[in-house]
Amino acid sequence: MKIVAVTACPTGIAHTYMAADALIKTARKHNVHIKVETQGAMGIENQLTTHDIAQAEKVFIVSDIEIEQFSRFECIDIIHLSIEDVLLDVEKLFIMHCRNN
Amino acid sequence: MNEYQVTFIVKDTDASARVVKPLYQLAKKFKSNLSIINITRNRQACLSNSLAILQVGLVKGDLCQLCTVGIDAELACFVLKNIISEHYHLIGANINYQFCNNLADRLPELITPSRANWYYAKAHTQLTKRECLNGLAQLIIADNPDKLIKAFIAREKYSSTYIKPGVAVPHVMIENLQNLAVAVIVSDTPIDWTLKSGNVNLIIALAIPSKPTREQIISTTNLTRNLLFGQVSERLLKTKNSIDLQALLMYFMTRVLT
Numbered sequence: 001m002k003i004v005a006v007t008a009c010p011t012g013i014a015h016t017y018m019a020a021d022a023l024i025k026t027a028r029k030h031n032v033h034i035k036v037e038t039q040g041a042m043g044i045e046n047q048l049t050t051h052d053i054a055q056a057e058k059v060f061i062v063s064d065i066e067i068e069q070f071s072r073f074e075c076i077d078i079i080h081l082s083i084e085d086v087l088l089d090v091e092k093l094f095i096m097h098c099r100n101n
Numbered sequence: 102m103n104e105y106q107v108t109f110i111v112k113d114t115d116a117s118a119r120v121v122k123p124l125y126q127l128a129k130k131f132k133s134n135l136s137i138i139n140i141t142r143n144r145q146a147c148l149s150n151s152l153a154i155l156q157v158g159l160v161k162g163d164l165c166q167l168c169t170v171g172i173d174a175e176l177a178c179f180v181l182k183n184i185i186s187e188h189y190h191l192i193g194a195n196i197n198y199q200f201c202n203n204l205a206d207r208l209p210e211l212i213t214p215s216r217a218n219w220y221y222a223k224a225h226t227q228l229t230k231r232e233c234l235n236g237l238a239q240l241i242i243a244d245n246p247d248k249l250i251k252a253f254i255a256r257e258k259y260s261s262t263y264i265k266p267g268v269a270v271p272h273v274m275i276e277n278l279q280n281l282a283v284a285v286i287v288s289d290t291p292i293d294w295t296l297k298s299g300n301v302n303l304i305i306a307l308a309i310p311s312k313p314t315r316e317q318i319i320s321t322t323n324l325t326r327n328l329l330f331g332q333v334s335e336r337l338l339k340t341k342n343s344i345d346l347q348a349l350l351m352y353f354m355t356r357v358l359t
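Residue numbers (the working numbering), protein chains in the order written: chain A, 1 to 101; chain Y, 102 to 359.
The set of hints was computed from the structure by calculation and includes no laboratory data. Keep in mind the model is a prediction, meaning the values are calculated, not measured. Each residue gets a CB set at the ideal place from its N, CA and C atoms; glycine is no exception. Any given hint could be a false lead.
Said to hold, decoys possible - Ranges of calculated distance between the beta carbons of each label pair, as one might list FRET restraints:
1) A:Glu45 <-> Y:Thr229: 36 to 44 Å
2) A:Glu45 <-> Y:Asn143: 53 to 61 Å
3) Y:Glu335 <-> A:Asn46: 23 to 31 Å
4) A:Ser71 <-> Y:Lys248: 31 to 39 Å
5) Y:Asp293 <-> A:Arg99: 30 to 38 Å
Sequences are here, hints too, so could you generate the full structure?
Shown next, in the form of structure tokens:
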């Protein structure tokens, strides 16, 4: 299964990158191919291309604030998650959203 | 039961071979549980095993702790510290060491990508979250903390900065700040941080200049990313000596552990 994700947080120095690490680490365990774009203090890094988005089945928007360029994801399944959900129980998220693949 | 630690940095990879035997023989004399943890490589071994030191693979530059838990833990720690200090860089070699801004002068392994100012306080009474945020702001800007207090509170309203069980990391960007500032409050009685997730005993506040340099961002993101790695957050929580705690935090700022 292929998914994409965007992480962002108000200050952009802690949660953005922690959530990205957590997703990448756990995705491997669940056999999910993931690309994570971080919108933090260092700007947008590892930006998702239209190709990435077109190939993905779902997008995880992990943020407590509005993300930039949200309209890119209009045509795929969007799952909104709070930073806290990801940091405290990332396993559960993958079980809920990425099962049977 | 309390855990006691000796925190050290490996200065010579070959030292393991020399320290294995004396450490194993001394460890046998104590009733406590003695273990060695290589925090950098996320490996742990019990000292009752003669090959423990070799199992955790101490390589030059690794950050490690020797931990003792049990009835004679404090004594064991005191005795084993001598052997460790002969072969490795001991962080808290002197009982009087406290949080300071020049720790890296003595231990070059702890040079962070950007300079930071360090502050520490131990809570002696039960604190509320609000009092704790006030305290952190006062540590960082003693004469005029109001703006920083407001910034911390505003950040908490967005979402809680609770990160791992027992650990919160409130962080804000603030104007008129030259260097990164890290303030730590340790509280033996738990502080209620969020209704949803729970209590904390260790609060690590980060104040970042409003126009941060790349090095300042990297220092902070290294630290926060490492909090999710291996035993990092557990080690921070259990480390009682303040200088050891600062060394751990500085070390986690220098690199991302994998």
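Hints and how they fare:
With their beta carbons about 37 Å apart, Glu45 (chain A) and Thr229 (chain Y) fall inside the hinted range of 36 to 44 Å. Glu45 (chain A) and Asn143 (chain Y) have their C-beta atoms about 26 Å apart, which leaves the hinted 53 to 61 Å range violated. Taking 23 to 31 Å as the suggested C-beta distance range, the pair Glu335 (chain Y) and Asn46 (chain A) conforms, at roughly 29 Å. For Ser71 (chain A) and Lys248 (chain Y), the hinted distance range of 31 to 39 Å is satisfied, since their beta carbons lie about 36 Å from each other.
Distance hint check for Asp293 (chain Y) and Arg99 (chain A): the Cβ-Cβ separation is about 35 Å, which falls inside the suggested range of 30 to 38 Å.
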